[in-house]
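The listed protein sequences derive, respectively, from chains U and S.
The first sequence begins at 0 in numbering that gives the first Met the number 0 and counts up by one.
The second sequence begins at 0 in numbering that gives the first Met the number 0 and counts up by one.
Bear in mind the hints are in silico, worked out from the structure with no lab data behind them.
Just to be clear, a hint being listed does not mean it is correct.
[Unchecked claim] Ranges between beta-carbon positions, derived for each pair: (1) U:T67 / S:L127: 17 to 27 Å; (2) U:Q237 / S:A133: 31 to 41 Å; (3) S:L127 / U:D77: 51 to 61 Å; (4) S:D140 / U:P39: 15 to 25 Å; (5) U:T67 / S:F22: 50 to 60 Å; (6) S:G144 / U:P255: 49 to 59 Å; (7) U:D77 / S:W130: 25 to 35 Å; (8) S:D140 / U:Q9: 37 to 47 Å; (9) U:Q150 / S:V212: 31 to 41 Å; (10) S:R209 / U:E127: 55 to 65 Å; (11) U:G75 / S:R209: 22 to 32 Å.
From a predicted model like this one, the values you see are computed outputs, not experimental measurements.
Each residue gets a CB set at the ideal place from its N, CA and C atoms; glycine is no exception.
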Amino acid sequence: MSEPLLSLEQVSKTFRGRSTPFAPPSVTHAVDEVTLDVKPGETVALVGESGSGKSTLSRIALRLLDPTSGTVRWDGEDITRAHGRGLRTLRRELGVVFQDPYTSLNPRQTVGRIIAAPLRNQGLPRDEKTLASLITSVGLSPEQLNRYPHQFSGGQRQRIGIARALATGPRMIIADEPVSALDVSIRAQILSLLDELQQDRGLALLIVSHDLAVVRGIADRVAVMRAGRIVETGRVEQVYADPQEDYTRALLAAVPVPDPHRRARPLPVD
Amino acid sequence: MTAAVARARSPLSLALRRTARSFGGRLGAAILLLVLLAGLCAPLLAALEGQDPHAFNGDLVDGNNGGNPFGSFGGVSGTHWFGVEPGTGRDLFALVVYGIRTTVIIAIAATVISVIIGATIGMAMGYLGGWFEAVLGRFVDFMFGFPTLLFLIALQLIVPSSIPKPVVLTVVLAAFGWVSTARLIHTQTRQLAAREFIDAARASGTPLRRVFVSELLPNLVGTLAVVVALSFPATVAVSAGLSFLGVGLDPSSPDLGVLIGQSITWTYTGADAGYLIFPSIALLLIILGATLLGDALRDAFDVRTESGR
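Extracted from the complex, chain U is given alone in its bound form (with noise of 0.2 Å):
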């Protein structure tokens, strides 16, 4: 077994409430002693309800936000309390699209300075081919370089979210939620997109979703994160066809059945 790409060791978060004369501040504990492995190439899903702190996991892999306690190794190296110069590996290394298209483009930025962002604080070189084959790479045109983000689509808008993922060539790229503010429609589209470039690129994958159904096709291994912690993880066949939890089974109960006479039963969470 090769060594994991991404790892996190007994990450915790713990969010403080503001503090009154008479009551102390209430704490939470958006993500509590949890371990998570991605080795390379590896599609990775981490599934649960909102508020389970999936969102806060992603955001500590990415060294967006920093942990209360635990360890953040990217590549082997400790980087979890890195910051600049020091986190210029993950930053070229470590992609990431986010979950609402209409929120993560810069609305008074053009397509083409979106997607050469990355390149730029990287240094690497950002000429109009190096564009053009990123932009047609996610299924859109290079005429498009230089309009803005609201003359897109949501679908559209995700794939520019993923051209900028792709720009400096990462090993891995997190989605959080990719697909949950789009239309049914073209939820499968982008999906296959992230798993058609997953697999040309050998990337490392680790796709943040509340909706079982939408994981299952692309993931490898399912972690399913409640209340903060990882409740069961497991190979995506194994998970999906045997769940050891009962929440992991309420979570698969939960998952719309397409034929109308084999209603599925919802099953009640202790």
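Use these hints to put chain S onto chain U, whose structure you have.
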């Protein structure tokens, strides 16, 4: 048709086009341009009239009648288009065009300085957050509740006379004008900073300076344009007000506020209203034009923030 598709318009140019199409925007810009041009060409216009704002014409005022100008409506004539100043007999048209110039230069300088200060502080507060935001936020609150006018009056009295009065006035106006800009930009920056494109910029390792200049600032340009257009007339009014109260510029300098301030006394004592009316109209036009333009800009940019996300 393909050419039309390929030409992408930035949100900024779209908003500016909306402003240029609106009636208020056009009218405001036209008025403002006219008055500013008059101020800019003050020496030229005065020369065209054949007068000098500093020349005293004792023969045009009636010393036996308290120094009131001869002739009707403050001595309006073919040689003195707006009449003359009571007492000194200085040409009022020349005084007004030079006065526009003084007033506008001071107001523009003060507005630009205060907007730069306010935008920088507001952006830093909104993006950096934490204790920085807390401390500066208190300071901004303090400045907001400060009795500015009283302080300005007191300050003008203790500043050494070796410093030119226009400079003092500009600095003082800027030093108190930035507060509301900082507040507005602070709130807007906070909203922007919560958007995912800022996270995206950070996740790709964008240096702090570039986050401010390339990511945040372009999204604040509209707000800043509106702030400039609306705080300029406010600054004009405050600076004229200070000169009116006699704590702004020297009484002899050609400035709209000074002229209006002095004309009040003359009008009270029975002089023709011309001395009051001409500088007042000039001041009114500046404020009206800038306000109309500012409102049109605000409308144009607000539309975008509502619908365009």
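Hint check:
A hinted range of 17 to 27 Å for the beta carbons of T67 of chain U and L127 of chain S is consistent with their spacing of about 21 Å. Checking the proposed 31 to 41 Å range against Q237 of chain U and A133 of chain S shows it is violated: the Cβ atoms sit about 50 Å from each other. Range check, L127 of chain S to D77 of chain U: Cβ separation about 26 Å, and the 51 to 61 Å hint is violated. A C-beta distance of roughly 53 Å is found between D140 of chain S and P39 of chain U, which places it outside the suggested range of 15 to 25 Å.
The hinted window of 50 to 60 Å between T67 of chain U and F22 of chain S holds, with their beta carbons roughly 57 Å apart. The supplied range of 49 to 59 Å is met by G144 of chain S and P255 of chain U, whose beta-carbon atoms lie about 57 Å from each other. Hint check: D77 of chain U to W130 of chain S, Cβ distance near 28 Å, so the stated range 25 to 35 Å holds. The hinted range of 37 to 47 Å is satisfied by D140 of chain S and Q9 of chain U, whose Cβ atoms lie roughly 42 Å apart.
The beta-carbon spacing between Q150 of chain U and V212 of chain S, approximately 24 Å, falls outside the hinted interval of 31 to 41 Å. For the hinted restraint 55 to 65 Å between R209 of chain S and E127 of chain U, the CB-CB distance of approximately 21 Å leaves it violated. Separation of G75 of chain U from R209 of chain S is about 30 Å and conforms to the stated range, judged on CB atoms against 22 to 32 Å.
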